[in-house]
Every structure is written in structure tokens, then in C-alpha cells.
Amino acid sequence: MIKKIYRLNENEVKKVLKYKKPFFSYSIVANVNPNRLWHSRFAIVLGSKTCKTAVSRNFFRRKYFDLVSGFINKWSSDIVCVIKKWKILDKKDENAILDFERDLKFLLKNIFNNK
1 MIKKIYRLNE
11 NEVKKVLKYK
21 KPFFSYSIVA
31 NVNPNRLWHS
41 RFAIVLGSKT
51 CKTAVSRNFF
61 RRKYFDLVSG
71 FINKWSSDIV
81 CVIKKWKILD
91 KKDENAILDF
101 ERDLKFLLKN
111 IFNNK
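115 is the number that the working numbering gives the last residue of the sequence shown; the numbers go up by one with no jumps.
Worth flagging that the hints you see were computed from the coordinates, not collected in a lab. All C-beta atoms in this analysis are idealised placements derived from N, C-alpha and C, irrespective of residue type, glycine included. One or more of the hints may lead you astray.
Simulated crosslink set (BS3-like; lysine-lysine; CA at most 27 Å straight-line) [said to hold, decoys possible]:
no.: 1; residue 1: Lys3; residue 2: Lys74
no.: 2; residue 1: Lys21; residue 2: Lys92
no.: 3; residue 1: Lys92; residue 2: Lys52
no.: 4; residue 1: Lys4; residue 2: Lys21
no.: 5; residue 1: Lys14; residue 2: Lys85
no.: 6; residue 1: Lys14; residue 2: Lys105
no.: 7; residue 1: Lys52; residue 2: Lys74
no.: 8; residue 1: Lys92; residue 2: Lys18
no.: 9; residue 1: Lys91; residue 2: Lys20
no.: 10; residue 1: Lys84; residue 2: Lys105
no.: 11; residue 1: Lys91; residue 2: Lys52
no.: 12; residue 1: Lys109; residue 2: Lys84
no.: 13; residue 1: Lys21; residue 2: Lys3
no.: 14; residue 1: Lys105; residue 2: Lys52
no.: 15; residue 1: Lys92; residue 2: Lys74
no.: 16; residue 1: Lys92; residue 2: Lys63
no.: 17; residue 1: Lys49; residue 2: Lys20
no.: 18; residue 1: Lys20; residue 2: Lys87
no.: 19; residue 1: Lys92; residue 2: Lys15
no.: 20; residue 1: Lys92; residue 2: Lys14
no.: 21; residue 1: Lys63; residue 2: Lys74
no.: 22; residue 1: Lys63; residue 2: Lys91
no.: 23; residue 1: Lys84; residue 2: Lys4
no.: 24; residue 1: Lys49; residue 2: Lys63
no.: 25; residue 1: Lys20; residue 2: Lys92
Simulated DEER-style distance windows between Cβ atoms [as the list claims (entries may be wrong)]:
no.: 26; residue 1: Lys14; residue 2: Ser76; range: 13 to 21 Å
no.: 27; residue 1: Val29; residue 2: Ile97; range: 15 to 23 Å
no.: 28; residue 1: Leu98; residue 2: Val29; range: 13 to 21 Å
no.: 29; residue 1: Ser48; residue 2: Asn11; range: 29 to 37 Å
no.: 30; residue 1: Trp38; residue 2: Asn113; range: 19 to 27 Å
no.: 31; residue 1: Trp75; residue 2: Val45; range: 18 to 26 Å
Modelling step: build the complete structure from the supplied sequences, incorporating the hints.
Written as C-alpha cells, this is what we have:
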């Protein structure tokens, strides 16, 4: 998990989703908004259609924050990742975990190389 100052709250997530540029991978959409801070902030939207149990949602949320922790000081932007609703994530499924990590790394590489 990352510190709270590096995470977006609900109102900031809504602003980023409403107004800013999306980046796409196979199962994840990342919306990016530049900010005026010295660091990046992150959020992920996991619905109950994509993760059936709260245990799975918390697992993938922690996995997400662990993967993005290396990108906090690279740029100053707000990044919100949304899982597409046809994608089913289960913490017991190794393929789902590997696909999630692969798609997220692909998105982060594209986001930070386009700046």
C-alpha cells in the first residue's frame, strides 16, 4: 500500500474520469490528468461485477498500489485505472493476476513514455 497523499479521493477520481485523456490496454482503461504537485497520485476502480468478493477487490487494489509505487516520483499526474466490466478478476486465478499485472505495466509504460 502507498501513503494516503499518493492516493486520490472520490471527488478527485470523478474529476479525472470526467475530463481527462484515457489510455487503453486490453482490460484496463487509465485516465490521466496533470497535477501541480511534485508527485503522482493513483486510484483504481474495481466494481463488484469484475471482482465478486471484497477479498478479491482488496487483493487487486493492494496489487495495483504495489505496482504503481515505483512511478510516484516520475511525473506529476493523477491516474485513475478502471477495469473493463467484461473482465473477471479472481485472486485464486493465476492467469487473471498475470493478465492484470501485464496490462497495468503496459499502461504505465505508455503513460510515462508519452509525456
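For the pair supplied as a hint, Lys21 and Lys3, is the alpha-carbon distance within the 27 Å limit? Judged against 27 Å, a Cα distance of about 25 Å means the pair holds.
Given the hint that Lys63 pairs with Lys74, test it: the Cα-Cα distance must not exceed 27 Å. The hint holds at about 19 Å.
Can you tell me whether the CB distance of Ser48 to Asn11 sits inside 29 to 37 Å? violated (22 Å)
For the pair supplied as a hint, Lys20 and Lys92, is the alpha-carbon distance within the 27 Å limit? This hinted pair is violated, its Cα atoms lying about 34 Å apart.
Measure nothing beyond the straight line between the CA atoms of Lys92 and Lys63; if it is 27 Å or shorter, mark the hint as holding. holds (14 Å)
With the threshold set at 27 Å, check whether the alpha-carbon distance from Lys92 to Lys18 stays at or below it. The hint is violated at about 33 Å.
Is Lys105 close enough to Lys52, meaning Cα to Cα at most 27 Å? OK: Lys105 and Lys52 at ~24 Å, within 27 Å.
Quickly compare the C-alpha distance for Lys52 and Lys74 to 27 Å and report which way the hint goes. violated (33 Å)
For Lys91 and Lys52, compute the direct alpha-carbon distance and say whether it is at most 27 Å. Holds, at roughly 10 Å.
Does the alpha-carbon distance linking Lys84 and Lys4 stay inside the 27 Å limit? holds (25 Å)
Is it true that the CA of Lys109 sits at most 27 Å from the CA of Lys84? holds (19 Å)
Would the hint linking Lys92 and Lys74 be met if the CA-CA limit is 27 Å? Cα-Cα ~32 Å, so violated.
In summary, the numbered hints that this structure violates are 2, 7, 8, 9, 15, 19, 20, 25 and 29.
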